[in-house]
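**Q** Heads up: the protein sequence lines correspond to chains X and A, in order.
According to my numbering, the first sequence is numbered sequentially starting from 6.
According to my numbering, the second sequence is numbered sequentially starting from 6.
In short, the hints are calculated from the structure, not lab data.
All of these numbers come straight from a predicted model, not from anything done at the bench.
Please note that the accuracy of each hint is not assured.
Identical copies go unnamed one by one, so any copy, or any two together, can satisfy a pair.
[What the hints assert, rightly or not] In the EDC-like style, the derived pairs of lysine to aspartate or glutamate whose C-alpha atoms are separated by at most 16 Å in a straight line are: (1) K550 x E586; (2) K550 x E578; (3) K550 x D584; (4) K84 x E287; (5) K249 x D8; (6) K151 x E85; (7) K151 x D243; (8) K151 x D21; (9) K84 x E162; (10) K503 x D222; (11) K67 x D39; (12) K503 x D177.
Number of protein chains: 2
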Amino acid sequence: MADYTAPLADMRFALDIVARLPELTALPGFARADSDTVAAVMEGAASFASEIVAPLNVVGDKQGSRLENGVVRTPDGFKEAYKAYVDGGWNAVAFDEAIGGQGLPRALNACITEMWTAASMAWALNPLLTVGAVEALAAHGSDELKRLYLGKLVSGEWPASMNLTEPQAGSDVGAMRTRAIRDGDRYRIKGQKIFITYGDHDLSDNIVHMVLARSPDGPPGTAGLSLFLIPKFLVNADGSLGAKNDLRPVSLEHKLGIHASPTCVMAYGDNDGAVGWLVGEENRGMECMFTMMNSARLQVGLQGLAIAERAYQHARDYTRTRVQGRPVTATAPGTYPIMHHPDVRRMLLSMRARIEAMRALVYYTAATIDRASHAADVEARARFQERADLLIPVVKAWCTDQGVLVASIGIQIHGGMGFIEETGAAQYYRDARIAPIYEGTNGIQANDLLGRKVQRDRGAAVTALIVAMRGDVNGNEALETGIDALEDATRWLVANAKERAVTLSGAVPYLELMGIVAGGWLLALEAAEARRRLDAHDGDTSFNKAKLATARFYDEHVLATAYGLLPAIKGGEAVLGFDLEAL
Amino acid sequence: MADYTAPLADMRFALDIVARLPELTALPGFARADSDTVAAVMEGAASFASEIVAPLNVVGDKQGSRLENGVVRTPDGFKEAYKAYVDGGWNAVAFDEAIGGQGLPRALNACITEMWTAASMAWALNPLLTVGAVEALAAHGSDELKRLYLGKLVSGEWPASMNLTEPQAGSDVGAMRTRAIRDGDRYRIKGQKIFITYGDHDLSDNIVHMVLARSPDGPPGTAGLSLFLIPKFLVNADGSLGAKNDLRPVSLEHKLGIHASPTCVMAYGDNDGAVGWLVGEENRGMECMFTMMNSARLQVGLQGLAIAERAYQHARDYTRTRVQGRPVTATAPGTYPIMHHPDVRRMLLSMRARIEAMRALVYYTAATIDRASHAADVEARARFQERADLLIPVVKAWCTDQGVLVASIGIQIHGGMGFIEETGAAQYYRDARIAPIYEGTNGIQANDLLGRKVQRDRGAAVTALIVAMRGDVNGNEALETGIDALEDATRWLVANAKERAVTLSGAVPYLELMGIVAGGWLLALEAAEARRRLDAHDGDTSFNKAKLATARFYDEHVLATAYGLLPAIKGGEAVLGFDLEAL
Numbered sequence: 006m007a008d009y010t011a012p013l014a015d016m017r018f019a020l021d022i023v024a025r026l027p028e029l030t031a032l033p034g035f036a037r038a039d040s041d042t043v044a045a046v047m048e049g050a051a052s053f054a055s056e057i058v059a060p061l062n063v064v065g066d067k068q069g070s071r072l073e074n075g076v077v078r079t080p081d082g083f084k085e086a087y088k089a090y091v092d093g094g095w096n097a098v099a100f101d102e103a104i105g106g107q108g109l110p111r112a113l114n115a116c117i118t119e120m121w122t123a124a125s126m127a128w129a130l131n132p133l134l135t136v137g138a139v140e141a142l143a144a145h146g147s148d149e150l151k152r153l154y155l156g157k158l159v160s161g162e163w164p165a166s167m168n169l170t171e172p173q174a175g176s177d178v179g180a181m182r183t184r185a186i187r188d189g190d191r192y193r194i195k196g197q198k199i200f201i202t203y204g205d206h207d208l209s210d211n212i213v214h215m216v217l218a219r220s221p222d223g224p225p226g227t228a229g230l231s232l233f234l235i236p237k238f239l240v241n242a243d244g245s246l247g248a249k250n251d252l253r254p255v256s257l258e259h260k261l262g263i264h265a266s267p268t269c270v271m272a273y274g275d276n277d278g279a280v281g282w283l284v285g286e287e288n289r290g291m292e293c294m295f296t297m298m299n300s301a302r303l304q305v306g307l308q309g310l311a312i313a314e315r316a317y318q319h320a321r322d323y324t325r326t327r328v329q330g331r332p333v334t335a336t337a338p339g340t341y342p343i344m345h346h347p348d349v350r351r352m353l354l355s356m357r358a359r360i361e362a363m364r365a366l367v368y369y370t371a372a373t374i375d376r377a378s379h380a381a382d383v384e385a386r387a388r389f390q391e392r393a394d395l396l397i398p399v400v401k402a403w404c405t406d407q408g409v410l411v412a413s414i415g416i417q418i419h420g421g422m423g424f425i426e427e428t429g430a431a432q433y434y435r436d437a438r439i440a441p442i443y444e445g446t447n448g449i450q451a452n453d454l455l456g457r458k459v460q461r462d463r464g465a466a467v468t469a470l471i472v473a474m475r476g477d478v479n480g481n482e483a484l485e486t487g488i489d490a491l492e493d494a495t496r497w498l499v500a501n502a503k504e505r506a507v508t509l510s511g512a513v514p515y516l517e518l519m520g521i522v523a524g525g526w527l528l529a530l531e532a533a534e535a536r537r538r539l540d541a542h543d544g545d546t547s548f549n550k551a552k553l554a555t556a557r558f559y560d561e562h563v564l565a566t567a568y569g570l571l572p573a574i575k576g577g578e579a580v581l582g583f584d585l586e587a588l
Numbered sequence: 006m007a008d009y010t011a012p013l014a015d016m017r018f019a020l021d022i023v024a025r026l027p028e029l030t031a032l033p034g035f036a037r038a039d040s041d042t043v044a045a046v047m048e049g050a051a052s053f054a055s056e057i058v059a060p061l062n063v064v065g066d067k068q069g070s071r072l073e074n075g076v077v078r079t080p081d082g083f084k085e086a087y088k089a090y091v092d093g094g095w096n097a098v099a100f101d102e103a104i105g106g107q108g109l110p111r112a113l114n115a116c117i118t119e120m121w122t123a124a125s126m127a128w129a130l131n132p133l134l135t136v137g138a139v140e141a142l143a144a145h146g147s148d149e150l151k152r153l154y155l156g157k158l159v160s161g162e163w164p165a166s167m168n169l170t171e172p173q174a175g176s177d178v179g180a181m182r183t184r185a186i187r188d189g190d191r192y193r194i195k196g197q198k199i200f201i202t203y204g205d206h207d208l209s210d211n212i213v214h215m216v217l218a219r220s221p222d223g224p225p226g227t228a229g230l231s232l233f234l235i236p237k238f239l240v241n242a243d244g245s246l247g248a249k250n251d252l253r254p255v256s257l258e259h260k261l262g263i264h265a266s267p268t269c270v271m272a273y274g275d276n277d278g279a280v281g282w283l284v285g286e287e288n289r290g291m292e293c294m295f296t297m298m299n300s301a302r303l304q305v306g307l308q309g310l311a312i313a314e315r316a317y318q319h320a321r322d323y324t325r326t327r328v329q330g331r332p333v334t335a336t337a338p339g340t341y342p343i344m345h346h347p348d349v350r351r352m353l354l355s356m357r358a359r360i361e362a363m364r365a366l367v368y369y370t371a372a373t374i375d376r377a378s379h380a381a382d383v384e385a386r387a388r389f390q391e392r393a394d395l396l397i398p399v400v401k402a403w404c405t406d407q408g409v410l411v412a413s414i415g416i417q418i419h420g421g422m423g424f425i426e427e428t429g430a431a432q433y434y435r436d437a438r439i440a441p442i443y444e445g446t447n448g449i450q451a452n453d454l455l456g457r458k459v460q461r462d463r464g465a466a467v468t469a470l471i472v473a474m475r476g477d478v479n480g481n482e483a484l485e486t487g488i489d490a491l492e493d494a495t496r497w498l499v500a501n502a503k504e505r506a507v508t509l510s511g512a513v514p515y516l517e518l519m520g521i522v523a524g525g526w527l528l529a530l531e532a533a534e535a536r537r538r539l540d541a542h543d544g545d546t547s548f549n550k551a552k553l554a555t556a557r558f559y560d561e562h563v564l565a566t567a568y569g570l571l572p573a574i575k576g577g578e579a580v581l582g583f584d585l586e587a588l
């Protein structure tokens with residue numbers, strides 16, 4: 006079985022240099038996050054991920070979750086690991102102290118979440134969904150709902166599920182049919198939801214379902230949707246558990262990957278209607294849901310990073326032990342581990358460079374969200390929020406696409422063994438494939454980026470980002486050319502915003518361009534610091550040289566492809582001109 | 006269950022325009038391949054693929070092949086379909102009439118092989134391996150071996166398996182340990198082989214194993230290897246079956262995909278040694294194996310094309326029936342099939358454009374092999390052989406990488422349904438993943454391309470190709486820029502050939518560049534013909550317009566990325582400079 010070891014030095018470097026943690030933790034509210042605390046949290050999380058979570062990954066894939074007698078059973082060890090996670094306080098790290106959290110930065114939380122997601126993506130998916138529920142409830146919930154549920158959600162004692170999709174309502178949320186009927190101060194909900202991740206399980210005494218449903222007399226479309234909190238077991242006023250609510254998992258999907266994560270068809274209200282409470286106002290459900298989704302989108306992007314790191318470690322370790330052939334670089338006779346072959350090195354570096362770019366982008370974006378809520382002045386907060394809003398779809402889509410690509414390279418490095426399930430490399434390739442789909446497909450992310458984040462403000466937010474990037478070019482030609490391409494594409498997309506279909510046709514390659522360039526920018530920051538440390542004989546020479554070499558590889562192999570995306574971004578005419586009948 | 010329909014019009018267009026079939030069939034030996042015969046063969050094959058083979062694809066994936074009481078059982082229906090295939094004469098289409106074949110061009114055979122491979126890649130893998138055995142035996146076998154085996158192999162009555170890999174000898178063939186001992190006019194072979202596709206099965210009375218093994222007193226390394234023909238059942242002088250040979254399948258691998266194709270660990274000579282006959286001379290086994298591999302590599306490249314076409318049809322049909330949301334292109338109220346959404350169109354075209362480029366490249370290369378054996382004058386034959394040798398690794402690696410990419414886009418188009426196994430899209434993604442690995446990993450293909458096909462002749466063959474391409478530019482800027490990049494890269498790689506490790510580090514992106522540019526060139530030829538037909542009001546307008554639009558999409562979305570590969574191709578220094586300990 007493959008081990009997972011959190012790459013603590015790489016993570017800390019990205020946190021310090023890209024997320025600028027020392028500056029961040031000087032902001033009001035982060036007093037507890039001194040450097041030693043950060044290190045201690047990271048080390049504790051690393052042990053938890055390696056020792057408790059990582060061993061669950063293969064068994065989870067093999068056993069999968071099963072629906073037995075109307076309840077979902079998770080694979081062996083999942084429950085114990087989840088209890089240890091809650092008991093260790095890991096779920097509460099990034100929540101405000103005011104609601105029972107530890108008040109540590111999200112950037113740090115991104116780092117430790119990367120660890121358990123890399124250890125077992127399917128296991129880590131459950132707490133991931135809880136984060137959004139906490140935020141929605143904290144922002145929009147009534148005092149009574151908060152009193153009864155928020156503490157349990159923050160601690161993780163009661164995890165949450167998110168319920169949007171219905172068979173006829175996937176990306177088109179407004180087509181939803183699940184209905185709520187008023188019943189005193191509560192509601193009765195009736196309807197069926199599909200693709201509900203961890204919709205039922207045996208990890209906890211209760212589950213808090215956040216369900217989007219049609220308001221009693223709301224208008225059609227998304228404007229008539231409200232968000233409801235529907236507990237699996239009703240909660241008495243003293244916080245104790247009451248009767249089982251009128252809801253159940255109907256069936257589980259048979260999926261390509263993340264077998265351990267139960268994907269449920271959920272029935273609400275088979276009998277009298279599931280009892281639910283309104284979160285926020287009636288018909289404002291989408292707003293609340295966006296609060297949840299923004300958080301979840303960042304974390305799904307993080308899955309791309311995490312699964313890539315796991316696939317990389319697996320492949321790297323294989324190339325150190327698998328002896329085959331005599332590389333042209335060989336200086337002594339005999340056979341060598343395949344790591345010595347030039348093309349194997351190229352593949353490992355391709356994985357590594359993409360991972361480091363993703364990590365930089367994820368931590369940077371998480372830190373930007375931290376700044377948006379903790380920066381001293383209001384204007385600065387707004388600017389950080391704008392930056393975060395711009396980058397969240399990029400993090401989600403670009404990192405998850407890269408995750409699939411990196412997992413695929415991981416298989417390739419194993420040769421024939423990569424195709425054999427027992428090797429383990431294939432599981433990452435299967436698991437990784439869901440991330441570009443859920444929490445809004447990557448096409449939806451690109452639409453969001455283009456329409457809401459770029460065209461709506463006529464390119465203001467992205468221009469601010471471009472200005473920041475230009476300030477860090479320092480003669481890096483690849484980066485400069487990439488930024489030029491991003492600027493060119495942005496101008497064109499803004500100028501042609503009225504041609505909605507044409508510009509939407511280029512949204513996905515535009516998002517890819519932004520991901521590539523943003524990743525290159527942040528790696529350039531890391532490289533500049535590594536250069537400074539090398540010149541100053543500060544720190545581990547091999548580590549600093551590796552940072553420089555990784556950035557150079559990224560420039561030559563990834564950033565160099567950025568400019569070539571322009572014709573695709575502007576190529577909507579050819580896309581739309583194609584006769585659909587001729588497809 | 007998804008249907009498969011052979012895209013006959015697209016196929017015939019590629020055969021006529023890119024493979025230049027009318028010219029090809031005018032060569033000596035192809036008299037039978039008149040236009041009507043070609044059409045009849047294609048139609049017959051299309052029916053066979055759709056009606057007999059395609060229904061096996063899902064059942065094959067679900068049931069897989071099983072090892073029961075020492076013999077392999079294939080999934081329901083596989084045996085009957087294989088019998089119908091042999092009875093229909095489909096196996097013999099491209100073999101010379103002199104050995105019992107139908108003497109039709111390989112280009113046509115590539116087309117019909119695409120059909121059954123698209124219908125069921127796992128089913129079609131068995132006859133694929135027989136092709137190479139026929140060629141090796143016809144070229145190198147003794148008269149007696151040919152008398153007993155060749156006819157049965159040509160008809161497909163006895164299919165073949167190829168046995169190279171051993172646990173310690175994957176890409177490093179020379180590390181092989183399986184040994185042959187002389188025993189009169191025959192040999193006794195002892196050893197274990199792994200990853201043997203269709204190493205055993207119940208599709209036929211006999212199986213002809215082509216086994217590479219160490220000669221009795223050969224030198225170490227590849228120079229001491231010989232090729233042996235080892236039948237599952239010994240064959241009497243009158244052609245009847247004799248005793249069972251001393252060989253058996255030990256176990257089957259549990260794989261990511263192609264579950265129906267039994268991947269065997271094979272034991273030869275558990276008792277007295279498996280009885281085998283030498284094919285060719287002692288210690289010349291690699292030569293014979295290369296004859297087999299060249300053919301197999303073309304056909305594996307074709308798998309990339311075929312699985313992509315199947316994934317495309319599946320995705321396209323889904324987008325026609327799945328109704329979701331209101332596209333910005335909508336002119337009337339209501340909801341629409343998702344095919345109308347700009348990004349869904351982009352994804353479908355991205356699949357389609359890559360498929361058409363692959364198809365053009367595969368058919369062109371097959372036709373080039375036809376020309377190499379049928380062209381009237383000897384010099385022309387040598388030139389065609391040189392072109393074919395150059396392109397075979399490109400076909401194998403580029404098309405199989407594209408196959409994985411296209412299958413992945415196919416999942417994405419399905420949204421959440423794509424991740425559910427019952428949908429079927431995931432199977433293509435799993436099946437496609439083997440093709441970049443077997444028959445020489447794509448890294449090995451790139452090494453072959455760079456070392457044997459480009460650097461050895463100092464760029465002569467590729468320069469001839471570039472000259473041909475330049476003649477067809479006709480003001481297509483994307484194509485010209487792509488050719489410039491290919492020429493630039495070639496010069497650099499030839500000039501720096503002595504820096505073997507540095508140039509090998511760029512071999513994979515160089516192969517990708519050649520694949521992209523060659524595909525763009527051949528699509529440009531198709532576009533020029535479509536333009537001519539449109540201007541002349543010749544043929545189906547919608548079809549001809551679609552060819553133009555596909556070529557334009559390819560230029561903007563694929564060919565435009567070619568130039569950006571140069572820094573990676575020349576980036577070996579950064580790859581090799583990375584400290585392996587820091588990985």
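**Q** Report the numbers of all earlier hints that the structure fails to satisfy, in ascending order.
**A** When the structure is compared with the hints, numbers 4, 5, 6, 8, 10, 11, 12 turn out to be violated.
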